[in-house]
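As given, the protein sequences belong to chains A and B, one line each in that order. Take the first sequence: its position 16, counted from the start at 1, is 16 in this note's numbering, and no numbers get skipped. Take the second sequence: its position 102, counted from the start at 1, is 102 in this note's numbering, and no numbers get skipped.
Please note that the accuracy of each hint is not assured.
Within a straight-line C-alpha distance of at most 25 Å, the following computed PhoX-like cross-link-like pairs (lysine-lysine) qualify [said to hold, decoys possible]:
(1) B:Lys-457 x A:Lys-63
(2) B:Lys-205 x B:Lys-152
(3) A:Lys-63 x B:Lys-29
Note that these hints are calculated values from the structure, not bench results.
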Amino acid sequence: MDVGTYVFIEFPAAVQSLDALQAAAYRLIGAATCQIDKTGDRWVCKLTPVSGSKEAPDTAALKTRFLDLVTDENLRQQIAHRTEGVRNVILSLAFGSLAGSSND
Amino acid sequence: MAGFQTVEAFHPAEGTLELLPFRFERIEKSYLVSNMVGDFIRLSGDELERIVELRMRPGDGLYEKAYAAHLIGGVNQKAKRQILAFRLRSRLAFLRETTPLHIFVVTLRCEHSCPYCQVSRQSTDRSRFDMSEETARRALDVAFESPSARIKIEFQGGEPLLNFPLISTIISLAKSKAAAVNKKVDFVIASNLALLDDTILAFCKENDVLLSTSLDGPADLHNKNRPRPGGNSHELATAGIRRAQAVLGPERVGALMTTTEASLDRVEEIVDEYLRLNLDGIFLRPLSPYGFAIKTKAFRKYGAADWLGFYERGLRYVLEINRRGTHFPEFYATLILKRMLTDRPIGYVDLRSPAGIGLGALVYNYDGKVFASDEGRMLAEMGDRTFELGHVTDSYRSLLLSDKLIGLVDASLTQCAPECSDCVFEAHCGADPVYHHATQADPVGIKPLSEFCARQKGVMRLLLDLLENSPQDAAILRRWGGM
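Please construct the entire structure, taking both the sequences and the accompanying hints into account.
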């Protein structure tokens with residue numbers, strides 16, 4: 001939904017993590033600000049393009065960009081969650097307690 | 001009868017594949033993906049999704065692609081993890097050589113009056129702005145406490161040759177100390193060369209001293225950027241370069257350029273000037289936000305996009321020169337290519353994480369104050385002491401283990417910083433807490449607003465594009481990268 005120069009995008013809170021929304025909002029800094037509120041069982045993101053910014057796209061493009069960013073952040077979270085264990089093993093092999101056990 | 005097993009017999013059993021850590025960035029309709037040690041691969045959205053869901057089988061092409069790129073491995077496959085661990089350890093091995101660079105600011109006096117001067121030079125009062133011998137001796141004590149087996153002592157200013165007697169003393173003392181503790185020590189004088197004479201050159205030759213100078217391009221551009229009485233900075237610098245090349249050898253003198261607004265349309269002329277002087281390459285550097293560069297507003301006169309345009313034109317021109325048979329590298333690209341194409345530990349102080357402040361370099365100011373980086377002392381000249389670690393009377397250990405330094409290094413780690421930790425270019429980039437503190441009053445910095453970040457990403461995207469789409473240029477870039 002577009003209201004004036006704002007763009008509102010809603011996500012069901014049951015399936016969309018706040019962390020991913022916040023990470024996507026961070027990546028939008030410079031082009032738009034993003035205010036995230038919870039209304040009932042939904043996250044409501046209010047995007048406001050930064051006036052005068054060369055980075056600021058039109059509202060339709062802004063909405064698409066934000067949705068892409070959220071999709072990517074969801075995927076990053078999924079990858080991070082699923083690889084946390086092996087990542088820690090590799091870091092331990094490189095620098096930590098397993099670094100001396102390279103022949104195991 | 002003995003025979004071969006079927007292809008299916010070699011397929012991994014269901015549930016035996018695992019996803020390995022990787023980062024990605026959406027670029028239009030495809031994805032640039034990098035594994036834990038920064039090897040790049042491009043994937044379609046469908047391919048990325050199938051890899052994350054482990055929907056692959058040997059022989060389908062994607063399995064082989066993902067396996068070779070270390071995006072997947074076998075659940076019990078220790079070798080795969082070991083490879084990534086060894087490579088990661090190699091890439092960060094520069095951390096073993098703590099503080100290899102020691103910068104001595106032997107004077108803040110200078111006879112130039114450059115509007116972009118980042119060290120806020122002074123032109124008067126010898127006693128007030130020159131380092132004393134006592135300070136130098138104490139600084140040497142600190143420098144030789146660093147655990148590195150090989151250290152580099154770099155003399156800076158102001159114009160360090162205005163205090164040449166102290167340089168001579170420091171080199172003599174350092175050589176004695178190095179011999180006593182079995183360390184190697186290299187020396188560099190960063191000078192505008194205006195005061196270079198036969199005595200100094202003979203001294204440099206005798207003591208294997210490298211000379212590093214500033215050359216911004218052709219005479220009119222250089223002299224505009226670097227005014228001095230007589231308006232002959234370019235004439236003196238080029239004469240100095242030629243004399244130093246003749247006496248010390250061409251490989252013992254290098255030059256650095258700084259991009260000002262006036263440079264933006266003239267990159268070919270700048271490169272030609274370096275070629276004309278038989279310099280061994282060029283480092284296309286942006287202006288830094290310190291000292292007079294801020295006071296005279298020189299820093300704000302162009303943005304990251306302007307500089308990237310300048311850089312791309314310059315790099316393409318340099319590549320054209322190389323295609324014609326002249327080996328002439330661009331050093332910024334070379335640095336990044338070494339990171340992208342090899343696992344060699346590149347500890348370049350401005351492009352590493354953990355940051356190079358203190359861990360890569362210490363700066364001993366003329367007044368005895370010790371800073372975590374050259375840019376940190378530049379900020380101090382502007383009244384900001386954030387990167388002042390202590391005094392030459394402190395021990396190396398207390399300077400390096402100070403809460404201030406540890407806090408700044410810890411806060412700025414790209415491995416943990418917002419956006420950086422997930423950035424597809426992280427393995428080849430670095431934390432620059434001084435830059436981000438200077439521009440955003442925060443050592444981490446908001447990366448979507450960071451010109452450092454925009455420049456780094458822009459240069460790496462350009463290099464990847466050339467490596468993938470321009471075979472002739474790729475061959476040259478691979479040579480620069482040491483492959």
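Within 25 Å, alpha carbon to alpha carbon, are Lys-205 of chain B and Lys-152 of chain B? 17 Å, holds
Given the proposed pairing of Lys-457 of chain B with Lys-63 of chain A, does the C-alpha separation stay at or below 25 Å? OK: Lys-457 of chain B and Lys-63 of chain A at ~24 Å, within 25 Å.
Would you mind confirming whether the straight-line C-alpha gap from Lys-63 of chain A to Lys-29 of chain B stays at or under 25 Å? 17 Å, holds
Hint compliance for this structure: every hint is met.
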